[in-house]
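2 protein chains.
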Amino acid sequence: MSFKNSIMISPDHPRYESLMLRARMVEAYKAGILADSGLIAHGRGEAFDYLIGEKTTETARKATHAGAAALSLAEYPVISVNGNTAALVPHEIVALADKLNAKLEINLFYRTPTRVNLIEKALRYAGAKEVLGTEREEPAYINGLKGPRSRASKEGIYQADVVLVPLEDGDRAEALMAGGKKVVTIDLNPLSRTAKTASITIIDNLVRALPNLLSEVEKLKKMDRNQLQKMLKDFDNEKNLQNSLEIVARAYTGEMEL
Amino acid sequence: MSFKNSIMISPDHPRYESLMLRARMVEAYKAGILADSGLIAHGRGEAFDYLIGEKTTETARKATHAGAAALSLAEYPVISVNGNTAALVPHEIVALADKLNAKLEINLFYRTPTRVNLIEKALRYAGAKEVLGTEREEPAYINGLKGPRSRASKEGIYQADVVLVPLEDGDRAEALMAGGKKVVTIDLNPLSRTAKTASITIIDNLVRALPNLLSEVEKLKKMDRNQLQKMLKDFDNEKNLQNSLEIVARAYTGEMEL
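Chains as they are written, first to last, in the numbering used here: chain A, 23 to 280; chain B, 23 to 280.
Wrong hints could be hidden among the right ones.
A pair counts as met if it fits within one copy or between any two copies, since identical chains are not told apart.
Stated by the list, open to error - Simulated crosslink set (DSBU-like; lysine-lysine; CA at most 35 Å straight-line):
1) 143 <-> 121
2) 168 <-> 52
3) 121 <-> 243
4) 218 <-> 252
5) 168 <-> 244
6) 244 <-> 218
7) 77 <-> 261
8) 121 <-> 151
9) 218 <-> 84
10) 151 <-> 77
11) 261 <-> 218
12) 243 <-> 261
Derived from the structure by calculation, the hints contain no laboratory data. These figures come from a predicted structure and were not determined experimentally.
One chain only, chain A, in its complex shape (with noise of 0.2 Å):
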């Protein structure tokens, strides 16, 4: 029903883009590639992106200009894929994947292979050569997480050294950290605890964050590694994130102003 009432909106409708989103999310539920959960976090995501304006922040730049970069740097970049990613932005992340040379890895909170598999096919018909984390592999394991959380590909984030990790928990966002692996997240609740804990932290909506961080990714080609490590050095991760939470807690008190 919203997906076919959303489909009507017209696209001058102030929420248009945030209504053809979800109704974009209720299809990926009811083929099955997002968990029960995914609608509601959909939702979450859709509270939080409201409070910053639903743009790219000047924030959010400056943490994708660094996440660019540490992807930039990686010897073995891997890009983490749940089902709200494949369901968002398919296309963009084996984009990604090529111009970094980096794996894609499922990676899901509620796994099952139907899901998995669902997921993979989305991002072979997106153009992925490789996807890792399928039930075909001999999976190897993080060390701090118990259940199938703790499950990663051997060829994939078990030897990362930088992971870009959209929508992550926090468990396992840790224990990434923990591994010695740096972290890249996108995420729009600035007090989530992934936020929290991540090397850096990119608070967009994916369907802004993964266009600006293929054009970065482009532009930072001309860079040497100096650069990009100067690039890298001089960015606050803890700074760049409260800057973030000042720009939602302004929103607040400014609105009713208006």
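Model the placement of chain B on the given structure of chain A, informed by the hints.
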């Protein structure tokens, strides 16, 4: 999947309450009580609830107090019920209608006969003797609204002087206010159009607000109309809403100091 998973969550998990509610919403969605967008709306609620500390704030208490007074003073109070309300607090809604001698009216954004019937069943199962807004009625219509959202029950909202509308959409809240009705809303987003439009805005989670409303209404039975009217006159919704916003803003700027 997420339902099974959250069922396995132990009661001392910090997110236990939130995860159990999430599981209940997933069940309601699968039962057909929630529209596709219902789970997403729940997720938005989770985010805003998180920002007020997942507890009833002092400003929410004040609004609940005033809302209980408005409903107690009403000549013809009506409680509007949508899918999320029926899924989260069916028994509390029915108990409040009994206490206030108020009508219960089903009022859906994505209205389908099937959902209307499922929600009527849920309310009757929770003890409702009368349910308005069903398919059996010849509906009336509210001025200033187009399409199914203009629908109202002749015996219900159409002639109500005070309407309790948990989780109402902005257009409809404005049309009800324009129609000279007093609108009491419960909404977790202090920036929503409904929150800003309503006569009395309770920024709280339905699962906390409804029990609070019930006990407030019980307490106010001891008061006479003059005392209740004074309570209402002393309540400033815009100021109270501003205070709710400041609580969230503080949550944002404060959180990082932890």
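These are the hints, each one checked on the structure:
For a Cα distance limit of 35 Å, the shortest separation of residue 143 from residue 121 inside one copy, 21 Å, qualifies, whereas the shortest one across copies, 55 Å, does not. Both within a single protomer and between protomers do residue 168 and residue 52 lie at most 35 Å apart by alpha-carbon distance, with minima of 29 Å and 29 Å respectively. Proximity of residue 121 and residue 243 under a CA criterion of 35 Å is satisfied intra-copy only: 10 Å inside one chain copy versus 69 Å between copies. Taking the shortest alpha-carbon separations for residue 218 and residue 252, only the intra-copy value of 22 Å comes in at or below 35 Å, while the best inter-copy value is 47 Å.
In this assembly of identical chains, residue 168 and residue 244 lie within 35 Å of each other by CA distance neither inside one copy nor across copies; the values are 42 Å within and 56 Å between. For the identical chains of this complex, residue 244 and residue 218 are intra-copy neighbours only, at 31 Å inside a copy versus 50 Å across copies, given an alpha-carbon limit of 35 Å. Taking CA atoms no more than 35 Å apart as the test, residue 77 paired with residue 261 passes in both settings, with 20 Å inside one copy and 29 Å between copies. In the homo-oligomer, the alpha carbons of residue 121 and residue 151 lie at most 35 Å apart inside one protomer (13 Å), although the nearest pairing across protomers, at 64 Å, exceeds that limit.
Within a single copy, residue 218 and residue 84 get their C-alpha atoms as close as 16 Å, and across copies as close as 34 Å, so both meet the 35 Å cut-off. For a Cα distance limit of 35 Å, the shortest separation of residue 151 from residue 77 inside one copy, 32 Å, qualifies, whereas the shortest one across copies, 48 Å, does not. For the identical chains of this complex, residue 261 and residue 218 are neighbours both inside a copy (11 Å) and across copies (33 Å), given an alpha-carbon limit of 35 Å. Proximity of residue 243 to residue 261 under the C-alpha cut-off of 35 Å is restricted to the intra-copy arrangement: shortest distance 27 Å within a copy versus 53 Å between copies.
Violation of the numbered hints given earlier is confined to hint 5; every other hint is satisfied by the structure.
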